[in-house]
Amino acid sequence: METNHDVIIVGGGPAGLAAATTLARACRDVLVLDTGEPRNAPAHGVHSFLSRDGMAPRELLAIARDELVGFGGRFRLEGAVGAKAVEGGFEVTLAGGDVLAARRLLVTTGLVDELPPIEGLREHWGTAAIHCPYCHGWEVRGKALVVLATNPMSAHQALHFSQWSDDVTLVLDGQPAPDGVDAARLAAVGVRVVEGAARRLVSDDGRLTGVEVSGSQGAVTVLPCEVVVLAPRFTARSAVLESLGVEAADFLMGETVVGRHVPSDPMGGQTSVPGVHVAGNVTDPMAQVIHAAGAGVRAAAMMNMGLIVEDADRAVG
Numbered sequence: 001m002e003t004n005h006d007v008i009i010v011g012g013g014p015a016g017l018a019a020a021t022t023l024a025r026a027c028r029d030v031l032v033l034d035t036g037e038p039r040n041a042p043a044h045g046v047h048s049f050l051s052r053d054g055m056a057p058r059e060l061l062a063i064a065r066d067e068l069v070g071f072g073g074r075f076r077l078e079g080a081v082g083a084k085a086v087e088g089g090f091e092v093t094l095a096g097g098d099v100l101a102a103r104r105l106l107v108t109t110g111l112v113d114e115l116p117p118i119e120g121l122r123e124h125w126g127t128a129a130i131h132c133p134y135c136h137g138w139e140v141r142g143k144a145l146v147v148l149a150t151n152p153m154s155a156h157q158a159l160h161f162s163q164w165s166d167d168v169t170l171v172l173d174g175q176p177a178p179d180g181v182d183a184a185r186l187a188a189v190g191v192r193v194v195e196g197a198a199r200r201l202v203s204d205d206g207r208l209t210g211v212e213v214s215g216s217q218g219a220v221t222v223l224p225c226e227v228v229v230l231a232p233r234f235t236a237r238s239a240v241l242e243s244l245g246v247e248a249a250d251f252l253m254g255e256t257v258v259g260r261h262v263p264s265d266p267m268g269g270q271t272s273v274p275g276v277h278v279a280g281n282v283t284d285p286m287a288q289v290i291h292a293a294g295a296g297v298r299a300a301a302m303m304n305m306g307l308i309v310e311d312a313d314r315a316v317g
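Counting from 1, one number per residue, gives the positions in the sequence shown under this note's numbering.
Since the hints were made in silico from the structure, they are not lab data.
Every value quoted in this text rests on a predicted model; they were computed, and no experiment measured them.
Yeah, the Cβ is synthetic: ideal placement off N, Cα and C, and Gly gets one too.
Check each hint, because a few of them may be wrong.
Claimed, not checked - Cβ-Cβ distance ranges computed for the label pairs, FRET-style: (1) I63 / R207: 37 to 43 Å; (2) V222 / P42: 23 to 29 Å; (3) Q217 / R76: 55 to 61 Å; (4) P176 / L252: 31 to 37 Å; (5) V81 / A219: 22 to 28 Å; (6) C27 / D205: 53 to 59 Å; (7) E255 / C132: 20 to 26 Å; (8) A219 / L50: 44 to 50 Å.
As the list claims (entries may be wrong) - Subject to a maximum C-alpha distance of 20 Å in a straight line, what follows is the list of computed DMTMM-like cross-link-like pairs (lysine to aspartate or glutamate): (9) K143 / D166; (10) K84 / D167; (11) K143 / E255; (12) K143 / E242; (13) K84 / E242; (14) K84 / D6; (15) K84 / D66; (16) K84 / E247; (17) K143 / D98; (18) K143 / D167.
All chains, full assembly: derive it from the sequences and hints.
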């Protein structure tokens, strides 16, 4: 078993690398484990990240890893498959079978976007098929958008995107039609509402050109568009946490369940298991890249303070 680390971080995205750099700068022995498969890899660039707008996701992470190493932190391209509490901390089992030890554990494994089974959707996800206006809104401004309803919040999503385009169509796809104030707002800003179910995304030489929709009577039409918008189901990558007894829970927007996350203390990401913290999308599915990085810094600061107190108490005897 490898020499005991102060902190092992499972997940090398923005939250994990920001936390690791903070801990390394606090003179902590910190190791980051990562599979090399960032959630936002299909996207052309990271947006709303101060001084780094438009940078490719993998380039941002490469810079962050270099900074981490410069402060003495370490990075290992290998995932963790489980962990357990032991005297003095935790043991983490890696995919290759190695077992590592640490006094504290931070999990920043993010989430999985679960998409509806619509032909062609996966191929366009992160480029011409999107969910977040603050991640992609500027890049799709003025384009023809089709919003596919996946939950009761989709009417709000269509209204939201009307700020970026005056050509927005909401396909109900089995969801109830908006009524009352929601219907009035959509009509007032020019959002069209269409009954029917999305069958497939239509492309021409790799470029999205429309959405094939089947109506209630079986008629099939193609709605021309350049961009598809929908809300996936957000599911936390929580396997390592579950091996420690940390349970995921429903994540709600209003009264609508939109996925699963790992609840934690918002001040430092402490979970239900002492010494195990989380940061980023695994606990906050709505966090953008810059939010996740900030949460990682805060979690690192709280973990470092806990270690300082623990060391001081040990010195007191």
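Results of checking the hints against the structure:
1. I63 / R207: 37 to 43 Å: violated, 31 Å
2. V222 / P42: 23 to 29 Å: Holds: the Cβ-Cβ distance is about 24 Å, inside 23 to 29 Å.
3. Q217 / R76: 55 to 61 Å: Since Q217 and R76 have Cβ atoms about 57 Å apart, the given range 55 to 61 Å holds.
4. P176 / L252: 31 to 37 Å: Taking Cβ atoms as reference, P176 and L252 lie about 18 Å apart, which means the hint is violated.
5. V81 / A219: 22 to 28 Å: violated, 49 Å
6. C27 / D205: 53 to 59 Å: About 54 Å separates the Cβ atoms of C27 and D205, which means 53 to 59 Å holds.
7. E255 / C132: 20 to 26 Å: Since the Cβ atoms of E255 and C132 sit about 21 Å apart, the hinted range of 20 to 26 Å holds.
8. A219 / L50: 44 to 50 Å: At roughly 49 Å between Cβ atoms, L50 and A219 fall inside 44 to 50 Å, so the hint holds.
9. K143 / D166: holds, 8 Å
10. K84 / D167: violated, 52 Å
11. K143 / E255: violated, 31 Å
12. K143 / E242: Status violated; Cα separation ~42 Å.
13. K84 / E242: Judged against 20 Å, a Cα distance of about 10 Å means the pair holds.
14. K84 / D6: Holds: K84 and D6 sit about 16 Å apart, inside 20 Å.
15. K84 / D66: violated, 30 Å
16. K84 / E247: holds, 14 Å
17. K143 / D98: violated, 50 Å
18. K143 / D167: At roughly 7 Å apart (the allowed maximum being 20 Å), D167 and K143 satisfy the hint.
In terms of the numbered hints stated before, the structure departs from hints 1, 4, 5, 10, 11, 12, 15, 17, listed from lowest to highest.
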